[in-house]
Each structure stands twice: as C-alpha cells, then as structure tokens.
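> Our numbering numbers the first residue of the sequence shown as 2 and each following residue consecutively.
Hints were generated in silico from the structure; no laboratory data involved.
Hints are supplied without guarantee of correctness; some may be wrong.
What the hints assert, rightly or not - No farther apart than 16 Å at their CA atoms in a straight line, the calculated lysine to aspartate or glutamate pairs in the EDC-like style are these:
| hint | residue 1 | residue 2 |
| --- | --- | --- |
| 1 | K280 | E63 |
| 2 | K160 | E66 |
| 3 | K252 | E222 |
| 4 | K252 | E203 |
| 5 | K252 | D120 |
| 6 | K40 | E221 |
| 7 | K174 | E207 |
| 8 | K283 | E66 |
| 9 | K280 | E109 |
| 10 | K283 | E99 |
| 11 | K160 | E220 |
| 12 | K70 | D103 |
| 13 | K252 | D103 |
| 14 | K252 | E221 |
| 15 | K40 | E220 |
| 16 | K280 | E99 |
| 17 | K266 | E34 |
Stated by the list, open to error - Here are the computed distance ranges between Cβ atoms for each label pair:
| hint | residue 1 | residue 2 | range |
| --- | --- | --- | --- |
| 18 | E279 | E222 | 45 to 51 Å |
| 19 | G89 | E168 | 46 to 52 Å |
| 20 | E279 | Y255 | 31 to 37 Å |
| 21 | G10 | E284 | 31 to 37 Å |
| 22 | D193 | S282 | 23 to 29 Å |
| 23 | V239 | E168 | 32 to 38 Å |
| 24 | T96 | Y255 | 43 to 49 Å |
For every residue, glycine included, the Cβ atom is placed at its ideal position computed from N, Cα and C.
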Amino acid sequence: MARIKKDKGLTFTIMVVGPSGCGKSTFINTLCESEVLPKKDHGNAEKAALEKTVAIVPTAVEMEEDGVKLSLTVVDTPGFGDNINNEGSFDEILTYIEQQYDSILAEESRIKRKPKFQDNRVHVCLYFIQPTGHALREVDIEFMRRLGPRVNIIPVVAKADSMVPQELAAFKKRIMEDVAHYDIPIYNFPYDEEEDEEETIEENNELRAMLPFSVVGSEEEVIINGRRVRCRQYPWGVVEVDNSRHCDFAKLRYMLLSSHLQELKDMTHDLYENYRTEKLSKEGQL
Numbered sequence: 002m003a004r005i006k007k008d009k010g011l012t013f014t015i016m017v018v019g020p021s022g023c024g025k026s027t028f029i030n031t032l033c034e035s036e037v038l039p040k041k042d043h044g045n046a047e048k049a050a051l052e053k054t055v056a057i058v059p060t061a062v063e064m065e066e067d068g069v070k071l072s073l074t075v076v077d078t079p080g081f082g083d084n085i086n087n088e089g090s091f092d093e094i095l096t097y098i099e100q101q102y103d104s105i106l107a108e109e110s111r112i113k114r115k116p117k118f119q120d121n122r123v124h125v126c127l128y129f130i131q132p133t134g135h136a137l138r139e140v141d142i143e144f145m146r147r148l149g150p151r152v153n154i155i156p157v158v159a160k161a162d163s164m165v166p167q168e169l170a171a172f173k174k175r176i177m178e179d180v181a182h183y184d185i186p187i188y189n190f191p192y193d194e195e196e197d198e199e200e201t202i203e204e205n206n207e208l209r210a211m212l213p214f215s216v217v218g219s220e221e222e223v224i225i226n227g228r229r230v231r232c233r234q235y236p237w238g239v240v241e242v243d244n245s246r247h248c249d250f251a252k253l254r255y256m257l258l259s260s261h262l263q264e265l266k267d268m269t270h271d272l273y274e275n276y277r278t279e280k281l282s283k284e285g286q287l
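With the sequences and hints as input, model every part of the structure.
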C-alpha cells in the first residue's frame with residue numbers, strides 16, 4: 002500500500018447509492034462521526050413523491066484520520082431505485098461521474114492550468130443492497146454492470162442486523178455468486194502476486210473474502226461494561242457497530258479512510274484514463 006504523507010492533507014470522494022430507507026444516511030453519519038446527511042422521513046408520502054427523481058447532492062466534510070487531515074466529499078443520490086423504471090437514475094449518476102472526468106480532461110487540455118483546480122472525481126461508490134436474503138435484484142445487477150467500468154463499486158449489505166448470522170453468510174455468498182455469474186465489475190481488492198508484498202496480498206484476500214461488506218449504522222451511544230459504544234439495542238441484546246464480530250463496519254471504515262484510500266484513488270485514475278482514451282478516440286483525436 003502507498004504510504005500517506007502526514008504533513009499533507011488528503012481529498013477523497015465517496016458516493017452512496019441504494020434505495021430509500023436502506024440506511025445510507027445513518028451509515029455516512031456513523032462513518033464520519035457527525036451528522037453529515039440529515040435523516041429522511043420515508044413515512045411522508047408527499048416528500049417521497051418529490052424524491053422520485055435522483056437528486057445528486059455532494060456534501061463536504063473536514064475530518065482527521067490517523068493524524069492526517071482529510072477533506073471528504075460525500076455524494077448522496079436520494080431517489081435512486083424508487084421507480085419501476087430506473088433507467089433515468091442510472092443515466093443521472095453515470096453522467097455525474099463522467100462530468101467529473103470531463104472537467105479533468107478539459108483542465109489537462111488547457112495551456113495554462115488553474116492553480117486551485119478541484120478534482121471532484123468519485124473514488125468509490127458504495128452500493129447498498131437491501132437485506133432480502135434472496136439474491137441480487139435486476140436493478141442491482143444492471144446498475145453495477147453499467148457503472149462498474151467508470152467507478153470503483155463496493156457492494157454493501159445494508160441493515161445487516163436484520164438477519165441472523167447464518168442467513169447473512171448465505172446471502173453474501175449468493176450475492177458473490179451473482180457477481181461472478183453476471184460478470185459484474187466490482188472493486189475486488191486486486192493485487193499482483195509477483196510485485197506486491199505478502200502483507201498486502203494477505204490483507205486484500207481477507208477483505209475480498211468479506212465482500213459484500215455487511216454494515217450496521219447507529220449514531221446512538223450507550224455505556225456497556227464501562228465502555229461507550231455505538232450500537233443498536235434490541236430486546237435480545239445489542240449489535241455493536243464497531244465490533245468486527247457483529248458486522249464489517251470497522252473494517253470497511255478503516256479500508257476506505259486509511260489502508261486503501263490511495264489505492265482507490267490510483268484505480269480511479271486508471272478508470273479515468275480508460276474514459277479519456279474512449280472519448281478522444283470517438284472524437285478522432287487519437
């Protein structure tokens with residue numbers, strides 16, 4: 002993994018996509034440890050009707066992670082997957098991602114570059130899958146297939162505490178079988194056996210085996226055995242957000258904001274180069 006310079010701040014952009022009510026806002030607020038995305042009232046029919054079209058909303062968050070300043074941009078996509086026909090949703094999100102690439106392409110073509118030009122490319126798209134216990138829905142397959150060539154997609158099982166461990170393990174296995182069957186291009190922690198260190202290969206294999214990440218979000222803190230923990234409380238007990246025996250949240254957070262942050266940025270640049278080549282070939286410039 003690339004080592005991060007402690008004296009220099011980093012920028013990183015996360016997009017969250019998934020149907021209304023699957024816990025995206027709670028997840029992001031838990032990830033950032035602050036209220037970044039306001040909670041939505043999904044019981045309000047009028048508000049729900051207004052969100053039938055995808056509204057792409059970037060929000061900037063200043064954080065510090067492992068002593069490194071991090072300027073995080075969270076791109077929310079409210080309204081995704083709420084229609085019978087979601088073609089428009091795919092197009093809106095794909096257009097947004099490609100517009101960021103177009104901005105880079107235009108800047109690279111300038112004789113005099115802007116010193117304060119802002120790179121807003123989306124480095125990772127967390128795709129939230131509803132915990133149905135069955136398999137990927139058609140909308141899930143189509144979205145990931147359509148956007149995989151343009152952005153690093155990491156599938157996430159939302160509200161994983163709604164399943165017992167055996168159900169969750171079977172569901173995750175089925176999802177990955179679908180990913181292989183439909184040839185869906187997700188970010189699967191690639192490595193080079195000849196070039197990468199053994200530690201990197203081991204870490205990537207461990208993370209790959211967790212796909213799709215099962216997450217539980219909660220902004221509620223309670224004291225358990227003298228410890229302050231973020232958790233969801235049930236009559237039968239508690240599900241601790243940061244306990245890796247309960248869900249994959251802690252591993253996913255560390256991977257995104259620390260261990261694989263630079264790797265995801267490097268992969269995004271590769272995806273941009275592919276887009277750039279395609280676009281310039283079409284325009285007859287290559």
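> Broken hints, numbered, in rising order?
Result: hints 1, 2, 3, 5, 8, 12, 13, 14, 17, 19, 23, 24 break, sorted rising.
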